[in-house]
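Both chains are given apart, each in its own frame, so use the hints to dock them into the complex.
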Amino acid sequence: DTGVSQNPRHKITKRGQNVTFRCDPISEHNRLYWYRQTLGQGPEFLTYFQNEAQLEKSRLLSDRFSAERPKGSFSTLEIQRTEQGDSAMYLCASSPSGLGRSTDTQYFGPGTRLTVL
Amino acid sequence: AQSVAQPEDQVNVAEGNPLTVKCTYSVSGNPYLFWYVQYPNRGLQFLLKYITGDNLVKGSYGFEAEFNKSQTSFHLKKPSALVSYSALYFCAVRDLSDMRFGAGTRLTVNP
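Line order of the protein sequences matches chains A and B. Residues 197 to 313 in the working numbering are what the first sequence lists, from first letter to last. Residues 21 to 131 in the working numbering are what the second sequence lists, from first letter to last.
Excised from the complex, chain B in its bound form (with noise of 0.2 Å):
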């Protein structure tokens, strides 16, 4: 069965600094992956997706996510990180019948 793991239950950065969040997968066959951000009392929103091709896919607000097929991963980035980015990040991968979904990483961005 398809899964993803998120191996930081929080991660923190300083305002203006580069964020990463991190994301692996486990596929039989070709990884779908997503990327989805969550603020308090609402609901999943999409950052951006990778299908195939290029291997650094860029998504909505600026973000972007490298995937990486010989470490099996698919860390999500941003150059620079701004207080408002602070939320739930959900990094899933879509098997035939449903999205699977990982834990979660809280981001927390110090001004």
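Isolated chain A (complex conformation) (with noise of 0.2 Å):
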């Protein structure tokens, strides 16, 4: 399968323990995105890659949240110090090169369900 893929699937911690998930994009895609999805509503974006210089963090971004892709390839979402409003899922797509930033489709993986208990 070459589509978005995601680790883990699911994640249960306790509060104000570290979490790291990754994502694994479409391989020939350069863009890649991080969104957060709760219960009843739509994705909200989190941050933006174009290979690996991250261009865009949405201010749901606080400061117990960074995101790293180092070599331009897979990424990686890591919450410091995790609160209970931290539970959702936690969504990454990828997209394509060669359209223009606003037209192009997004491709999203499985996503990461988070539980801060």
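What the hints contain is simulated information worked out from the structure, not anything from laboratory work. One should not assume that every hint holds.
Output of the computed footprint for chain B on chain A, the stretches with three or more beta carbons under 8 Å from beta carbons of chain B [as the list claims (entries may be wrong)]:
id, region
1, 239-249
2, 304-311
Once the Cα atoms are required to be at most 25 Å apart in a straight line, the calculated SDA-like pairs of lysine to any residue come out as [to be verified]:
id, chain 1, residue 1, chain 2, residue 2
3, A, K253, B, A123
4, B, K69, A, K267
5, A, K253, B, S48
6, A, K267, A, G199
7, B, K69, A, R227
8, B, K42, A, R227
9, B, K69, A, I222
10, B, K42, A, D259
11, B, K98, A, G236
12, A, K207, B, Y59
13, B, K69, A, K207
14, A, K253, B, A25
15, B, K78, B, K97
16, A, K253, B, S23
17, A, K267, A, E252
18, B, K42, A, G236
19, A, K253, A, S283
20, B, K78, B, V47
21, A, K207, B, Q65
22, B, K89, A, D300
23, B, K69, A, T301
24, B, K78, A, T301
25, A, K207, B, L108
26, B, K69, A, S283
27, A, K253, B, P51
We put the CB at the ideal spot given by N, CA and C, even for glycine.
This is how it looks when you write it as structure tokens:
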């Protein structure tokens, strides 16, 4: 399967712990996005990478959140000192270059569901 | 800022009947509009998008959407519903930095 993959699929942690999620985009895609989706809502944008450069960050991305894409391939999203309000589905998406930033199609992974106890 | 609204939280249709999932948008400039579907415990699957051109957009699985500039709408349609279409449908609009999603509409197709 050559789609976007995310690991782990589920993560249960205790408040105050750190967690890290991984996203592997479609191999030829150089744009990568992270979103957060809470129950009953649509996904909300967190951050965007073009290759290894993090070009956009949402105000939702507090100081406890950090994302990296060190070699322009896979990406990680780390949440430090987790809070119960961080419980959500974290979605990763990728898109190819070649089209304009506003018109490319984003392809989503299955998501990582985080539960903070 | 760009935004979309999905006025119906839930839509119920009988199998074989036509379905419509509604979306309205608010943008400054050209609207770039998308539809995605989400099945339980799955990521979002791309259905179709409107960038420019023909107002009737055809997409995956036989879905189509009609762009209506005067009504600022982008409704998703299918002539005949199947039970397997039951899922959560999201309309979205591209902003410069990100994709803005609606809250979603849960479609239930009854056998």
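Exercise for the section: Would you list, in rising numerical order, the hints stated earlier that this structure does not obey? Expected result: Numbers 4, 8, 10, 13 and 26 - these are the hints that the structure violates, sorted from lowest upward.
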